[in-house]
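Next come the chains, spelled out residue by residue.
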Amino acid sequence: MKISISKIIIFTFVIFFLLVFWRGLKINNNYDTKNLIGKKISKFQLIEIDNNNRYISEEDLKQNKYTLINFFASWCAPCRSEHKYLVNLSKEKKEIKIIGINFKDKKNNAINFLKELGNPYNFVGKDSEGKISILFGIYGIPESILVDNNLTVIKKIVGPIDQIQYDEILKLTQ
Amino acid sequence: MLSNIGISLVVLILILSFSIIYTSCLDLKTPSRTIKKSIYKLSLFQTTFTILSFFTLIIGFISSDFSLINVYENSHTTKPFFYKIAGTWGNHEGSLLLWVNILVIFSYLFLIFNYAHNKKFRLYTLIFQNILILGFLFFLLLNSNPFNSIYPIPLEGLGLNPILQDPALAIHPPLLYVGFVGCSIYFSAAMASLLSGYGGKLFAQSIKTWVKISWCFQTLGIIVGSIWAYYELGWGGFWFWDPVENASLLPWFAITALMHSLIVLEKRETLYHWVIILCLSTFILSVTGTFLVRSGILNSVHTFASDPSRGIYILLFLSLMIFSALIIFFLKHKKETYNLNLKSRETFILTNNWFMTFFLVTVLIGMLYPIFLDVLTNVKISVGPPFFNIVIIPLVVPLMFLMAIGPKFGWIKSKNKVLYKILFLSLWAVIINLVIFYFFGKYSLLSNLIFIAAIFLILFSFLDIKNFINNKNKAELPRIISHLGFGLLVFFIGINHQFSIEEDFNLRVGETKKINNYKINFENIKIKESKNYKAVIGNFKLTNFKNNLIQQLDPEIRIYSNPETLTYEAAIKTKITSDLYLTMSNVSRSDYYNIKFQNKPFMVWIWISALMIALGGFMRLTLKKNED
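Quick note, the sequences are listed as chains F and W, same order.
Going by my numbering, the residue at position 5 of the first sequence is 5; the numbering climbs one at a time, nothing skipped.
Going by my numbering, the residue at position 535 of the second sequence is 709; the numbering climbs one at a time, nothing skipped.
Next up, chain F with everything else stripped away, as it sits in the complex:
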């Protein structure tokens, strides 16, 4: 076999592809949520749902004493049931800032959802592809993560917030 530039390029290309696949295998795709408590949240950037120029990142959360990050969508029925607790929380506990991440949803539906049930959020970010939620280790929605001003996760709630969870959030943030 004569060695030529094109052959070398093809082989390099193939090897590169295969190496990336091999590395890809080692990346952990199982988002473990059990050990999240006590860990810091990863870096993120969140664009506001109806204003593409406004966004927040993990740095902004450091200014809040506590932040509750809530993942919701208008199509998600349990999100509806937990919403009143979020609204209550926003009224009762001013030192907890609530950030909503709108998961795989349409903008208008989300805005109507908040109009109908009230808006407890200090900031609503969009995640129409569900990719930012992956960073937080979200399996499905609703889920909520409570972090302090060091960006350390204090509590993770899988499923809708109910009275018991609500009381626990109040206790943790005393």
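The set of hints was computed from the structure by calculation and includes no laboratory data.
Among the hints, erroneous ones may be present.
[Stated by the list, open to error] Quick list of the computed label-pair ranges, beta carbon to beta carbon: (1) I164/F / N721/W: 51 to 61 Å; (2) N563/W / R23/F: 27 to 37 Å; (3) N122/F / F546/W: 45 to 55 Å; (4) V20/F / L376/W: 51 to 61 Å; (5) V565/W / I164/F: 45 to 55 Å; (6) E48/F / E510/W: 54 to 64 Å; (7) G118/F / N317/W: 46 to 56 Å; (8) F546/W / I56/F: 22 to 32 Å; (9) I5/F / N552/W: 27 to 37 Å; (10) S57/F / N563/W: 25 to 35 Å; (11) V87/F / N552/W: 33 to 43 Å; (12) F613/W / Q63/F: 56 to 66 Å.
[Said to hold, decoys possible] Some chain F residues judged to face chain W by a derived CB distance under 10 Å, without partners named: (13) F17; (14) L18; (15) W22; (16) L25; (17) K26; (18) S74; (19) C76; (20) E92.
[Said to hold, decoys possible] Subject to a maximum C-alpha distance of 27 Å in a straight line, what follows is the list of computed BS3-like cross-link-like pairs (lysine-lysine): (21) K441/W / K386/W; (22) K155/F / K91/F; (23) K115/F / K687/W; (24) K40/F / K104/F; (25) K616/W / K2/F; (26) K107/F / K770/W; (27) K441/W / K506/W; (28) K43/F / K93/F; (29) K509/W / K293/W; (30) K107/F / K687/W; (31) K91/F / K107/F; (32) K106/F / K770/W; (33) K104/F / K770/W; (34) K7/F / K508/W; (35) K508/W / K115/F; (36) K616/W / K107/F; (37) K382/W / K211/W; (38) K84/F / K97/F; (39) K616/W / K106/F; (40) K2/F / K508/W.
Where a beta carbon is used, it is the ideal one built from N, C-alpha and C, also for glycine.
On the provided structure of chain F, position chain W as indicated by the hints.
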């Protein structure tokens, strides 16, 4: 018991594979022009044992023999009989055994049906195919053995994921496996052709049938998967550009290109190396798709419980395949001179190949880019429908024009008499599009072009059918049906996309909601106990003001017990002109239900036209050798 039988059979197949390779190598050196009888016998035994091993596993599933881990993990005694059988290939290990079955059966059939072809070529094909079989057998035995046993024997199984308990999904995997694994035989044949120097027209004839078979099954498999997504997933869509759907498209583009260029090789003895590249890449892309899906690199509805060791094995296998293919190709590659005339049919067939290559590369980039970015920079992105729609859809316009006029040109060189027809039909296409545009709704320039091109292709195909009735040239019909199917498919998808209605709202029992010319009345709720699930059924009355038609739609929320899962069953009323689509989901701690209502025009025609594409392929299979 079954475990022992199964493992013994697999080991037997393994030994037979080695002996086939060994005797074939010996037979290569003998001067005789026919293949030794013993090789036929070994192959027949191998096929028999392989089929037996698969039946052993099916028996395990039917009799709910939970001493097999595989049955325990994927079945349950209360499961309907049909789904017990379907459970056999509804999991990683079982489907791998199905892979081996198809590899072996195709290997045997290729051996016996190609008796007229060169001995060396057939033996090399057999050797390569058996190397592939060995690779998969080792994988099966060492990593993913469906016959592994468990002790103590559990009393009850874990059950099959309810979302997979659907007739369309029971047949979807076998169809795709025949389609994708079937490609292996012309991968082997291409390697054999390079090594034995048996190329050109005869090589094209030897693999033609196998290419057609796997094309038909791939096409049908993809369509059935799409139908399943529409009826079962409850999202109201049928194609999502999901990574796994894309993985199934890659080999399909390659094989569609192959189907077309193979005709050129057969009729004109040119493009040999290009055909070889397509043969090799079709199967390589199939295995790449398998790797991406099974290793867990991609997350989607299709991900089986992922296991990195599995990924490493397939990757190793894939690398070996690619490197041996590349090395043999470069060693045997000779310069070919192409002598193509611009207005000949082979040029148009080549343009098909450009389009297919372009689509393939686009989908490949869209699929791999997120993985690459994640691996190299740890950034997670998702390439979704907008990318594919923007890049692929505009090119469908010229593709459809070429699909219509290409076949009108003769081999080598053609006269200009077609031009008049083209102008005439384009004019009609523009007029029909304007009528739709004017009376039914406004849409973008691109959509206009899509409609015009699709209508043009449809009209042209009708003209072809008229000609067919006059001259009865059987070889033309399959092509006309497939191309017409594609034209109709694009046309109906366009209509469906432009004129669908979608509404999302909450309702309580007894309430009514008005949307456009529909009134939806939520009448009541019923609970139904079924064999393997409990269902909450909503009764809805839909009144259409336009024609005062009243329809009953009953979407369900199903609660499966093994494993415990909630699924939403859409109520779909299919009519010739449109589908009414209703799903409901519960709003917990409230008596409201979230309702999604959709009115989708010409849904059923999308399936019919897609099936027409596949039908064309099957019709070509029935053509006699001298007709095709």
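Honestly, which of those hints from before does the structure not fit?
As far as the earlier hints go, 3, 4, 20, 25 and 35 are violated by this structure, in ascending order.
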